[in-house]
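Note that the protein sequences, when read in sequence, are chains V and G. For the record, in the first sequence the residue sitting at position 109 is 101 according to the numbering used here, with numbers rising by one throughout. For the record, in the second sequence the residue sitting at position 331 is 411 according to the numbering used here, with numbers rising by one throughout.
What the hints contain is simulated information worked out from the structure, not anything from laboratory work. Some hints here could point you the wrong way.
Short derived list, chain G residues pointing at chain V, Cβ under 8 Å [said to hold, decoys possible]: (1) E270; (2) G271; (3) E272; (4) L277; (5) G278; (6) L279; (7) G281; (8) V285; (9) G347; (10) Y348; (11) T351; (12) H389; (13) E392; (14) H393; (15) R446; (16) P447.
Which chain G residues face chain V? A few, computed with CB under 8 Å, are given here [stated by the list, open to error]: (17) S274; (18) G275; (19) A394; (20) F395; (21) V396; (22) D487; (23) K489.
None of these values were measured; they are calculated from a predicted model. Ideal Cβ positions, reconstructed from N, Cα and C, are used throughout, including at glycine.
The residues making up each chain are set out below.
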Amino acid sequence: MTRHLLSIDDLTVEEIHEILTTATEMHDVQKRAVKKLPALRGRTVINLFFEDSTRTRSSFEIAGKWLSADVINLSAKGSSASKGESLRDTALTVTAMGIDGLVVRHAASGAAEQISRWIDVPVINAGDGTHEHPTQALLDAYALTRRLGSLEGKHVAIVGDVTHSRVFRSNVKSLVKLGASVTVVAPPTLMPAGVGDWSKAAGFATSYDLDAVLPQADAVMMLRVQRERMSGGFFPTAREYTVGYGLTRDRLALLRPGAPILHPGPMNRGLEISPDAADAADSLVLDQVSAGVAVRMSVLYHLLAGDGQNEGATA
Amino acid sequence: MSTLIKGATLPDGTTSDVLVADGVIAEIGKVSATAERTIDADGLRLLPGFVDLHTHLREPGREDAETVLTGSRAAAVGGYTAVLAMANTNPVTDTAEAAERVLDLGRAAGLVDVQPVGAVTKGLAGEELAELGLMARSRAKVRVFSDDGKCVHDARVMRRALEYVKAFGGVVSQHSQDPALAGPTACCHEGELSGRLGLPGWPGVAEEVIVARDVMLARHTGSRVHVAHVSTAGSVEVIRWAKAQGIDVTAEVTPHHLLLTTDLLAGYDPTFKVNPPLRPSEDVEALRTALADGTIDAVATDHAPHARHDKEHAFVDAAFGMLGLETALPVVTTVMVENGLLDWAGVARVMSTNPARIAGLADGDRPQGRPVAVGEPANLTLVDPSAQVVVDRAASVSLSRNNPWHDRKLTGRVIATLLRGTPTVLEGALA
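Excised from the complex, chain V in its bound form (with noise of 0.2 Å):
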């Protein structure tokens, strides 16, 4: 297994099914009474957050005390960043109080990846600017096999703020491997730069037309758009917006019968998706966040467990 978890890059086909399998297994560990495994017990887990997160913090932090850790949360934002600390001094430090494993949320694309060559725990990616979330495709993945059985074969469509999205960007990497395919939809301004040579390279398709996709898609992933885009004037109002990308009332009625609908949160419920596709009986929003817990213990078990593991048996 991987020793940090930056990217779904560093994860094989293999080695992502084997962390679905074992979250399927910690999965149970949510339905009993005491949730509790000892598989972390005496290791230390800091959640380092130098931007907002309050669901996917909670997320790591329930996945780690369940599994016996003891989790700390740290929130940079505000603190030695503003002061002018590197990254390095703040990442050495944190790391200089004995930690077992680091889980960094930064604002910043690549944090993450820059922090791992410089400190010797493990560290899980949870979000780096407009780069990568590699726990929230995999539990994706999770969500979207549960339903569907094996993806190979399936065809998602992952609609919205492509351009500003690490949710889509870690995606769209975990469900070509996984052998399913991907078209991306969203208006020209927020596909990414390059996204034609990107999309030929990495296998997906891309779309301006959200109605002609839809029809042809098993699972439709609605990405979040952040209403402050409309002043960088990247689409005109929230209105055509919805108009032309969002998963409408009527759009529902263009999905393939039980096709699921799936979003990062949190939902702007009205612009990018309706209440009517947010709590449809296909709508897997809440199986997501459930998921989230149960693969995170996961990635967790096996960056952190095995590692202490060698230690203790080499000492």
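Position chain G relative to chain V; hints supplied.
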């Protein structure tokens, strides 16, 4: 003090002895006279001392990253006898007093002629013209004005600056970056890699629209514009067209834009973060061709030292810039000479003659960029054209270590540098 350089190959390809006495070239040919110092130049190239149009010396303000003295050392080791010190210090060089201070620090260091560049606008804010005329009349005799680091993006301000500097033969050196198309966070060439990495894109067009606008303003005002650190094939096309129209435009390219490419950013290492950003190989090829055919006039380093902690932030938060003075000649040798794009007369042209002319240093009381000829000031650089060097950032005489060339194998080495006859570098090290 006299120095005899024995058996050097001159820019024109002939081999001669060169006797330097009293700061000038006293004799060229078969010299029988003896001198106080003799340098064996067998197999070496003797070139006019290099002139860098674009150096950041960081003093005043960031003396922890570089000083006029340490930057002068790096320049001398790189074969330079004159550097233009950019104005984006703290305080900004936007007054005669500030310019004279930099000039005096350079004279005190005494290793290269440090010629201050004046800011175009007060505080580099892009709004009001700085005291261009007073800087021009000062002891520093400022002729090159630049807000480098920032673009003079307001067309009205740029027009007035171009008009105003005509009175004293000045030139505006423009950092071409339309802030509406490439804002302050833009840090990766906009393209497939920026899309994959999720880094804010810096599209080539943000440079090209400013270059296009500025050459039209130069034509309209009848003034002279210099394009700093050209980085794209599109800008090259515009400059080539403008020169064909007779517009008074000159341009420089950095060593890093001649060799390093965007793909180096894949690991988010801020050592490779520079402004304008590293571009794809198509742009690199176009820049090499343009330097060879004269569309681009000069190589300029954009030497930009930074303290280590300013580079150890997340990529988008880290400082822009890389070291360049000590490695410029090896890069130019490797990229241009070894590939047959420039001969050594061409190297002399793009690293000495042209930059000195653009900067207004070719004449006056301390002329630079003069030919290697009897009676000319002995600003000379002796180069081993076939030496193989592996760059070691720890060996740099700069105070900073943001060296993108570390561990890279290059060809060409500066053996000696003479400033008006006085050796500043001998046997590849500070004299």
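How the hints compare with the structure:
1. About 5 Å separates the beta-carbon of E270 (chain G) from the nearest beta-carbon of chain V, less than 8 Å, and the hint is met.
2. The interface hint given for G271 (chain G) holds, since its Cβ lies 4 Å from the closest Cβ of chain V, which is under the 8 Å cut-off.
3. Checking E272 (chain G) against chain V: minimum C-beta separation of about 3 Å stays under 8 Å; hint holds.
4. Interface hint at L277 (chain G): satisfied, since its Cβ lies 6 Å from the closest Cβ of chain V, which is below the 8 Å cut-off.
5. Hint status for G278 (chain G) relative to chain V: holds, with the closest Cβ pair at about 4 Å, below 8 Å.
6. Interface hint status for L279 (chain G): upheld, as the beta-carbon distance to the closest one in chain V is roughly 5 Å, under 8 Å.
7. Taking 8 Å as the C-beta contact cut-off toward chain V, the hint placing G281 (chain G) at the interface holds, the least distance being around 5 Å.
8. Given hint, V285 (chain G) at the interface with chain V, is violated; its Cβ is 12 Å from that chain's nearest Cβ, farther than 8 Å.
9. A distance limit of 8 Å between C-beta atoms decides the matter here; for G347 (chain G) the minimum to chain V is near 7 Å, and the interface restraint holds.
10. Satisfaction of the interface hint for Y348 (chain G) is found here, the shortest Cβ-Cβ separation to chain V being roughly 3 Å, below the 8 Å cut-off.
11. Among the interface hints, the one on T351 (chain G) is violated; its C-beta lies about 11 Å from the nearest C-beta in chain V, farther than the 8 Å criterion.
12. For the restraint placing H389 (chain G) at the interface with chain V, the shortest Cβ-Cβ distance is roughly 4 Å, inside the 8 Å limit, so the hint holds.
13. Taking 8 Å as the C-beta contact cut-off toward chain V, the hint placing E392 (chain G) at the interface holds, the least distance being around 4 Å.
14. For H393 (chain G), the interface hint holds, since its Cβ comes within 8 Å of a Cβ in chain V; the closest pair sits about 5 Å apart.
15. This hint is violated: R446 (chain G) has a C-beta 41 Å from the nearest C-beta of chain V, more than the 8 Å allowed.
16. Taking 8 Å as the C-beta contact cut-off toward chain V, the hint placing P447 (chain G) at the interface is violated, the least distance being around 44 Å.
17. The beta carbon of S274 (chain G) is positioned within 8 Å of a beta carbon in chain V (closest approach about 5 Å), and the interface hint is therefore held.
18. At a threshold of 8 Å, the smallest CB-CB gap from G275 (chain G) to chain V is about 3 Å, leaving the interface hint in force.
19. Against a cut-off of 8 Å between C-beta atoms, the interface hint on A394 (chain G) holds, since the closest Cβ of chain V lies about 3 Å away.
20. Against a cut-off of 8 Å between C-beta atoms, the interface hint on F395 (chain G) holds, since the closest Cβ of chain V lies about 5 Å away.
21. The restraint placing V396 (chain G) at the interface with chain V holds, with a minimum CB-CB distance near 5 Å, inside the 8 Å limit.
22. About 16 Å separates the beta-carbon of D487 (chain G) from the nearest beta-carbon of chain V, more than 8 Å, and the hint is not met.
23. The interface hint given for K489 (chain G) is violated, since its Cβ lies 24 Å from the closest Cβ of chain V, which is over the 8 Å cut-off.
Consistency note: the structure conflicts with the earlier hints numbered 8, 11, 15, 16, 22, 23.
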